[in-house]
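Peer 1: One-letter residues, chain by chain:
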Amino acid sequence: QQQVKQSPQSLIVQKGGISIINCAYENTAFDYFPWYQQFPGKGPALLIAIRPDVSEKKEGRFTISFNKSAKQFSLHIMDSQPGDSATYFCAASARGSGNTGKLIFGQGTTLQVKP
Amino acid sequence: DSGVTQTPKHLITATGQRVTLRCSPRSGDLSVYWYQQSLDQGLQFLIQYYNGEERAKGNILERFSAQQFPDLHSELNLSSLELGDSALYFCASSPGQLQETQYFGPGTRLLVL
Chain S
1 QQQVKQSPQS LIVQKGGISI INCAYENTAF DYFPWYQQFP GKGPALLIAI RPDVSEKKEG
61 RFTISFNKSA KQFSLHIMDS QPGDSATYFC AASARGSGNT GKLIFGQGTT LQVKP
Chain L
116 DSGVTQTPKH LITATGQRVT LRCSPRSGDL SVYWYQQSLD QGLQFLIQYY NGEERAKGNI
176 LERFSAQQFP DLHSELNLSS LELGDSALYF CASSPGQLQE TQYFGPGTRL LVL
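As they're listed, the protein sequences go chains S and L. Note that the first sequence covers residues 1 to 115 in my numbering. Note that the second sequence covers residues 116 to 228 in my numbering.
Since the hints were derived computationally from the structure, they do not count as laboratory data. Note that beta-carbon positions come from the ideal geometry of N, C-alpha and C, so glycine has one too. One or more of the hints may lead you astray.
[As the list claims (entries may be wrong)] A short list of chain S residues far from chain L (calculated; beta carbon distances all over 12 Å):
(1) Lys15
(2) Gly17
(3) Thr28
(4) Met78
(5) Pro82
[Said to hold, decoys possible] With a Cα cut of at most 25 Å, we get these calculated DSS-like pairs of lysine-lysine:
(6) S:Lys58 to S:Lys68
(7) L:Lys172 to S:Lys114
(8) S:Lys5 to L:Lys172
(9) S:Lys68 to S:Lys15
(10) S:Lys57 to S:Lys68
Bound-form chain S, shown alone (with noise of 0.2 Å):
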């Protein structure tokens, strides 16, 4: 019940083009949903962040969608360019889990956009 599950495990997709990643939750107690963009060598770093009280949050040209009733997000990025190629990670913590914040990851996407 802890799992976020994400999907696909890569995308590979044209420069301008939308990519978009899913993810997929089980414990209804989650209520902070951020997603993480981690470079090769690099530590993960958050990107957007969403709360379900909204169903959508746009930064730029990454924009999280939030369907509470089927416990899923995703992550749509618009105008893919190839300095978006990337580990693109989903994440859910639970406010009420005893004062933490600790974040439960999906798997991850590797992301490439080609020229």
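Chain S is already provided as a structure; the job is to place chain L on it using the hints.
Peer 2: Okay, now just chain L, sitting in the frame of chain S:
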């Protein structure tokens, strides 16, 4: 640069040995998190400290332990190392103890031979 520093960057050791990984959080951050990243398990939460106190534990092995010192730096101790402990170990920090941006360090790559 996230402001989180980790040392060493790389560590090669033998099975059965003990190593210590060090993390300095961003200035002002009170929480330190440790995560293990491996090819088969992905990013796994190990443990969180907040202002010197343990806040949460994940699937951390009994051979592993951690602490956060008064100056807020943290150390992760790995003992009786096994081949399967080879992984990237990340430290992250955040200002508080709950849901907020976690800033990850560059990681320590551990190779157990």
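Peer 1: Give a verdict on every hint.
Peer 2: Structure-based check of all given hints:
| no. | hint | result |
| --- | --- | --- |
| 1 | Lys15 | 28 Å, holds |
| 2 | Gly17 | 26 Å, holds |
| 3 | Thr28 | 16 Å, holds |
| 4 | Met78 | 23 Å, holds |
| 5 | Pro82 | 23 Å, holds |
| 6 | S:Lys58 to S:Lys68 | 17 Å, holds |
| 7 | L:Lys172 to S:Lys114 | 40 Å, violated |
| 8 | S:Lys5 to L:Lys172 | 21 Å, holds |
| 9 | S:Lys68 to S:Lys15 | 31 Å, violated |
| 10 | S:Lys57 to S:Lys68 | 14 Å, holds |
In this structure, the earlier hints numbered 7 and 9 are contradicted, and the remaining ones agree with it.
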